[in-house]
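Chains as they are written, first to last, in our numbering: chain A, 1 to 463; chain B, 1001 to 1461.
Simulated from the structure, these hints should not be mistaken for lab results. Here a beta-carbon is modelled for each residue, glycine too, at the ideal position from N, C-alpha and C. Heads up, a few of these hints could be off.
[Unchecked claim] Stretches of chain A that chain B covers, calculated by requiring three or more beta carbons in the stretch to come under 8 Å of a beta carbon on chain B:
| id | segment |
| --- | --- |
| 1 | 155-163 |
| 2 | 255-269 |
[Stated by the list, open to error] Computed far set for chain A versus chain B, every beta-carbon distance over 10 Å:
| id | residue |
| --- | --- |
| 3 | Glu-42 |
| 4 | Leu-44 |
| 5 | Thr-93 |
| 6 | Val-102 |
| 7 | Val-115 |
| 8 | Glu-206 |
| 9 | Gly-227 |
Spelled out, the chains give:
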Amino acid sequence: MLEPAVVQGVLHEALRHGGDLAEIFVEDRRSTTVRLDDGRIEELTSGRDRGAGIRVVVGDTTGFAHTAALDPAGLLAAAEAAGAAARQGGGGTRVATLERRVVTPGAVRIQPEDVSKAAKVELLSRADEAARSAGDAIRQVSAGYGDTRRRILVANSDGLFAEDDQVRTRLVVSCVALGDTGMQTGFEAAAATVGWELFDEHPAEEIARLAAERALRKLAARPAPSGSLPVVIGPGSGGVLFHEACGHGLEADLVGKGASVFRDRVGQRVASPGVTLVDDGTIGGEWGTAAIDDEGHPAGSNVLIDDGVLTDYMYDLLRSRQEGRASSGNGRRQSYKHLPMVRMTNTFLLGGREDPAAIVAGTDHGVYVARLGGGQVNTATGDFVFGMAESYLIEDGQITEPLREGNLIGNGPEVLRAIDAVGDDFAMGVGGGTCGKDGQSVPVGVGQPTLRVAAMTIGGTAA
Amino acid sequence: MTASPVSAEVDRASDPEVLLGLADRIVSWARDGEEVEAFVARSQRTSVVAYDGGIESLSQATSAGIGVRVVVDGRQGFAYAGSLDPEVLAETLAEARDNVAFATADEANGLADPDGVPAPELDVHRADLASVPTDRKVALALELERRVRAGDPRIRGTRNASYGDSIGTGAIVSSRGIRAVGSSTTSYVAVLALAGDGDETQTGGGVSVGRHPDELDLDEAALDAVTRATRMLGARQAPTQRLTVVLEPEITAAFLGIIGATLSGESVLKGRSLFANRVGETVAAPLLTLVDDPTNPATLAADPFDGEGLASRRNVLFEGGVLQRFLYDTWSARKAGTTSTASAVRGYSSTPGVGARALAVVPGSLDQPALLASIGDGLLVQGVTGLHSGVNPVSGDFSVGAEGVMIRGGEPAEPVREITIASSLQRMLLDIVAVGGDLEWLPGGTGSVSLAIRDVSLSGS
Chain A
1 MLEPAVVQGV
11 LHEALRHGGD
21 LAEIFVEDRR
31 STTVRLDDGR
41 IEELTSGRDR
51 GAGIRVVVGD
61 TTGFAHTAAL
71 DPAGLLAAAE
81 AAGAAARQGG
91 GGTRVATLER
101 RVVTPGAVRI
111 QPEDVSKAAK
121 VELLSRADEA
131 ARSAGDAIRQ
141 VSAGYGDTRR
151 RILVANSDGL
161 FAEDDQVRTR
171 LVVSCVALGD
181 TGMQTGFEAA
191 AATVGWELFD
201 EHPAEEIARL
211 AAERALRKLA
221 ARPAPSGSLP
231 VVIGPGSGGV
241 LFHEACGHGL
251 EADLVGKGAS
261 VFRDRVGQRV
271 ASPGVTLVDD
281 GTIGGEWGTA
291 AIDDEGHPAG
301 SNVLIDDGVL
311 TDYMYDLLRS
321 RQEGRASSGN
331 GRRQSYKHLP
341 MVRMTNTFLL
351 GGREDPAAIV
361 AGTDHGVYVA
371 RLGGGQVNTA
381 TGDFVFGMAE
391 SYLIEDGQIT
401 EPLREGNLIG
411 NGPEVLRAID
421 AVGDDFAMGV
431 GGGTCGKDGQ
441 SVPVGVGQPT
451 LRVAAMTIGG
461 TAA
Chain B
1001 MTASPVSAEV
1011 DRASDPEVLL
1021 GLADRIVSWA
1031 RDGEEVEAFV
1041 ARSQRTSVVA
1051 YDGGIESLSQ
1061 ATSAGIGVRV
1071 VVDGRQGFAY
1081 AGSLDPEVLA
1091 ETLAEARDNV
1101 AFATADEANG
1111 LADPDGVPAP
1121 ELDVHRADLA
1131 SVPTDRKVAL
1141 ALELERRVRA
1151 GDPRIRGTRN
1161 ASYGDSIGTG
1171 AIVSSRGIRA
1181 VGSSTTSYVA
1191 VLALAGDGDE
1201 TQTGGGVSVG
1211 RHPDELDLDE
1221 AALDAVTRAT
1231 RMLGARQAPT
1241 QRLTVVLEPE
1251 ITAAFLGIIG
1261 ATLSGESVLK
1271 GRSLFANRVG
1281 ETVAAPLLTL
1291 VDDPTNPATL
1301 AADPFDGEGL
1311 ASRRNVLFEG
1321 GVLQRFLYDT
1331 WSARKAGTTS
1341 TASAVRGYSS
1351 TPGVGARALA
1361 VVPGSLDQPA
1371 LLASIGDGLL
1381 VQGVTGLHSG
1391 VNPVSGDFSV
1401 GAEGVMIRGG
1411 EPAEPVREIT
1421 IASSLQRMLL
1431 DIVAVGGDLE
1441 WLPGGTGSVS
1451 LAIRDVSLSG
1461 S
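For reference, chain A alone in the conformation it holds in the complex (with noise of 0.2 Å):
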């Protein structure tokens, strides 16, 4: 993307006033979506982002500045801003001679780039047959359909020089069903950090199926009730939950501004014996996998709980540089344009050792959730919420009726203690996920087996 001589010199001009780090972050991003909507492509639309954002820290400053321009002028001009905006006195670092890391680009077998624009048309238009065949009452389909090529390159004062080619692809399919009690969607998506071969695995038609026999279940979903009861979630989406009720509170960022209720606890029983969480962006794929972050380390295999123990957080470059460690490659960013944070990847949580039938057959009361939809949290408290997008009651052991939608809502901490009993059945998902923080939003993926928590507050309308 830019010679390493240029860059050396970009990074020499962001410290001429002094500094402890300079670095490049080089984004050159193609993209092309597809949006069917009632029978019709609306239309297709391409996409090319390209620019360089450039950051200069002294001491626990940052200075940040990016450009669209990336002939010498343009990132020159940039580099100044940055140093200057950290300009702080200090300084004195001396940017080291840029040595290339070895990095493996994902696998992709099909580039999307070298699919016709005619194919990805068409694949919409299967899916919006598949759909409305799946029952008469489907009266609304659409279907989006998206591929993007991100190349980066990253390089630092300390010598760092890598760049990833990154090439995701995904397909959403929403139906809106009508039925005697009104209206009801549902929605399916796969989604992973693969080419065209995405759809080997995940044909459109099975995707548009899924989402149009979830719209027609709920037509004969009755309101969730409200209150405290057992939750049963089941495999691979499910681990949104984990997402939500500890993986942002184990974000090193937020843990060192205390607003994190996992502050302190390294080393302590934070969840039942069991749980074992893992976040992991090597796992080829998957739709938080990359092979270096967005600060150029290498993607990690990070255990944070251990059987119940909290063993680790999650880190970017600079909140391992305070503490004198080394990132576990956490460090994310939406795009050139914005400064790189502490960020899941893939996380999820480990299978045990239990039958999942068993663990429904063993709940009396309750509510299966077979599908979850988005959640939000609070670190600070650790309240945090996530909306069942396909759910059940549970009667005698028995999954029985449907539900409509509505909230769950927990927290964090005791969450992971309630948990009761972890299936067999470990899965990911196969949507992935968009997770938003601080005003970005990055790729994720989450898992799970089968498991129970004891109990969790469902925020339903039922009397």
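Add chain B to chain A, keeping to what the hints say.
Same frame as chain A, now just chain B:
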């Protein structure tokens, strides 16, 4: 610390005329039988984050980009690029042209036709924001953090005590005769306070917005954050019950945003609106009058033009609880056999979509304390979570996480957390029992008030 003013990027195109000129150039390349629209935007932003008496980060940068739409025989193609480089303009047009062939033909597709509505003159650009020294911006962030920390002995610190501003210009030109340009400035301070007692930490936010640092009220932002964080200390789960809730203006605004989306002509056409076929009917309590008014210079969303270059206008959505109209952009208006309400919203990286642009409630007469006194008993909601997962805008059902303080004898009482509140949007609108007079203009551009709603389900212990 000291910081010097910096020029983040060579200032290549700050003049609105320059942006118009770039858009003109793209449109001049339109071929016979082709409609072409170019949207060109540029913004300069500064943001400062203070932490622990120092500056955590200072960012200064310029962003610019173009979005090009091409329509041929009812087929639309689009492409965008985050750059204004000369070679990028032609590439982006070529890419948009290439995409035309893949879209489904729709006779309602097409660019906006000038409709003769005069654009409002809006005083939304403070030219001297560009010359405010960076030192002053840094000082504002530091001062905000200092005031929050000094606000109460139980304040332990802050997250994201920040100052930010932007100078933005957007130009739209089309081969159908649209030619519009507008510039505006915004300036804000925002803070999240952390209050502590023993092992417990609670948070509360405060914000002040304007178009220039002179228009900001640091004390108000600091006081809001301190009050909200400290009054939550000791919060517990409340028992499950039905009760009256009072939404603080920020929370009202979040719900209004969802209701605004259900009033888009596109939702109605696609059979996804709760309010389809209900124009002229009473859908809300008579107390509620809701407008979408980007011509009011008080809102940060004020803009003389919409995303298709039509002059902005004041659209009344609910008048005395009666549904007046839906919102339309050009496509949805043609589809519905009506005219655009100038409700197209967009950035350079997306095609125009229809949406509310600057929602505002016509305020009542009671300030918040008087409103609480009139309610007697209930829950004052200061925070909600899970709006994106817990509200179904198609069915109208919602269930969201909430925190706030109980209202007892008309006064704020003990704090509660880890509860959900649930109802449906349809019922909530009809169940409004009081509209506050405490109109507040929020960062997102909404003019909002405290709103009291009866018979809401609270789930808790």
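So, going through the hints one by one against the coordinates:
1. Figure legend: the segment 155-163 of chain A, annotated as covered by chain B; annotation inconsistent (0 residues with Cβ-Cβ distances under 8 Å, at least 3 required).
2. With 4 residues carrying a beta carbon less than 8 Å from a beta carbon of chain B, the segment 255-269 of chain A meets the three-residue requirement, and the given coverage holds.
3. Distance to chain B contradicts Glu-42/A as a non-interface residue, since its nearest Cβ pair spans about 7 Å, not more than 10 Å.
4. Not every C-beta of chain B lies more than 10 Å from that of Leu-44/A, the closest at about 4 Å, which undercuts listing it as non-interface.
5. Non-interface status of Thr-93/A relative to chain B is upheld: no Cβ of that chain comes within 10 Å, the nearest being about 18 Å off.
6. Chain B leaves Val-102/A outside its interface by the beta-carbon criterion, the shortest separation being 30 Å against a cut-off of 10 Å.
7. Distance check for Val-115/A against chain B: the nearest CB is about 13 Å away, which clears 10 Å, and the non-interface claim stands.
8. With a cut of 10 Å on Cβ distances, Glu-206/A stays outside the contact zone with chain B, its closest approach being about 24 Å.
9. Chain B draws Gly-227/A into its interface by the beta-carbon criterion, the shortest separation being 5 Å against a cut-off of 10 Å.
Consistency with the previously given hints fails for numbers 1, 3, 4, 9, ordered from lowest to highest.
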